[in-house]
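**Q** This is what each chain is made of:
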Amino acid sequence: MAVLLAIGTNKGLFLAHSDDRRQWELTGPHFVAGAEFPLTEVYALAIDTRPATPRLLAGFISSHFGPSVMTSDDLGKSWQEPERAPISFPADTGEKLARVWQLMPSPTEPEVVYAGVEPSALFRSTDGGLTYELVRGLWDHPHRPRWEPGGGGKAIHTVLPHPHDPQRLLVAMSTGGVYRSDDGGANWSASNAGIGAPFLPDEQPEYGHCIHKVARHPGRPEQCFAQVHPGVYRSDDDGRTWMSIAGGLPSDFGFPMVVHPHRPGVVFSFPLTADSHRFPPDARCRVYRSEDAGDSWDALSDGLPDEPFYGAVLRDAMCCDDADPAGVYFGTRSGEVYASPNEGDHWQQVAAHLPDVLCVRAAQIV
Amino acid sequence: MEVIVRVPGALRPDSGGEGRITVSFDAGSAPAPGEPGPVTLARVLDEVGARHPRLERRLRDERGDLRRYVNVFVDGEECRRLAGLATAVSDGAEVLVLPSVAGG
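Chains as they are written, first to last, in this note's numbering: chain A, 69 to 434; chain B, 220 to 323.
If we strip away everything but chain A, and leave its shape as in the complex, we get (with noise of 0.2 Å):
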């Protein structure tokens, strides 16, 4: 099988071929559109699967001309920009676009791409992901003013469309929490009921959490995985509740939570110490499986650097792929990137002296 693994990193797109999953063709970096512009940083990343040939989709900011979007229809051979911003705040908001940190096509609706953004908001495009219009519902929030930058920036960084109704949204920010809507965006929750937020004055508050990342299987869509500064938790009911999953992990910090593709309650994530430090625990390089939804996790290694390791992997800096068995693969800040063809028994490094990885996607290709 084909597989096309996108890598964005601070200074531009690498992009990876195998047909193994085990030889791996580099090349970049990219970017983009005829305009080789110096520093950019690649935040956002999406392979949108839908179209016969799949769509890459690639948020960046170029430190000298700003945010963007940009597309391409021939796997990353040429790259379009619509004319107009693809993204930007109406004038009534007095905001501007910071940086692109989320791109999820919906699994429900066609030509349904999401955008979570930095300064928080959620935009939604209806054309496959060229152009994107805010999603008033949630600017209008009432808690809006209360949210808080983190340390990267005050963002949302995931969103979740459920994966058969339309209606069902999931978003993260940092700070601000998880919030939910039932009715396709218009009305908005805070649904962090169970996380902890040990930096605020109220230890459980309605809202103002620090997630890290949130994932879930399409397959069980009622389970979600959060990866919190600090701690892990699971959700069993759309994300309304939280109860810590940390238990059996060597540090309840990090920033990636990824689910399996196809097998529900396998979920894999990267520690790192808290908080402080930020070094993978005891300086080694480890993902960390679970197979049972978080009730236990074991350590895999098998492949990866045995030497002391000090590299983080950011939110996005993880994912599979598509393929069975499932593939995973992660990046790290010291610019490697790892990948195990075979759901994390065994890594082998794709590459090596990279820009810092910001954020990793993968998919079958034909």
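Hints may contain errors.
[As the list claims (entries may be wrong)] Chain A residues, not near chain B, derived (Cβ > 12 Å throughout):
hint : residue
1    : Leu72
2    : Gly205
3    : Pro210
[Unchecked claim] Partial pick of chain B residues on the chain A-facing surface, computed with a CB cut under 7 Å:
hint : residue
4    : Glu281
5    : Arg300
6    : Pro318
Bear in mind the hints are in silico, worked out from the structure with no lab data behind them. Small disclaimer: the values here were computed from a predicted structure and weren't measured. Where is the CB? At the ideal position from N, CA and C, for every residue including glycine.
Chain A is already provided as a structure; the job is to place chain B on it using the hints.
**A** Chain B alone, transformed into the frame defined by chain A:
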């Protein structure tokens, strides 16, 4: 009156390949509401944006503010040392866009 806008190489994919854009204003052209003079740098960029929207948004954000690492020189002086986007631009002026030195 005419103003020449010079576009750096990195942005020419967004200007249709043009390195030099001539912007013309009618004699006695009325100022935009709230603007002090007949032609300002902001108006010049508005005209550039009408012709090349993508080029203009590389220079200014959606609030109309000049991006931090974009420098725009009006007849040799960086506009932030003048009146910023409200800088008056005279007939025959040269507006030079240059990316600043930044990054690592």
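**Q** It remains to establish, for every hint, whether it holds in the given structure.
**A** Each hint tested on the structure:
no. : hint   : result
1   : Leu72  : 25 Å, holds
2   : Gly205 : 21 Å, holds
3   : Pro210 : 24 Å, holds
4   : Glu281 : 4 Å, holds
5   : Arg300 : 19 Å, violated
6   : Pro318 : 5 Å, holds
Taken one by one, the earlier hints fail for this structure only at number 5.
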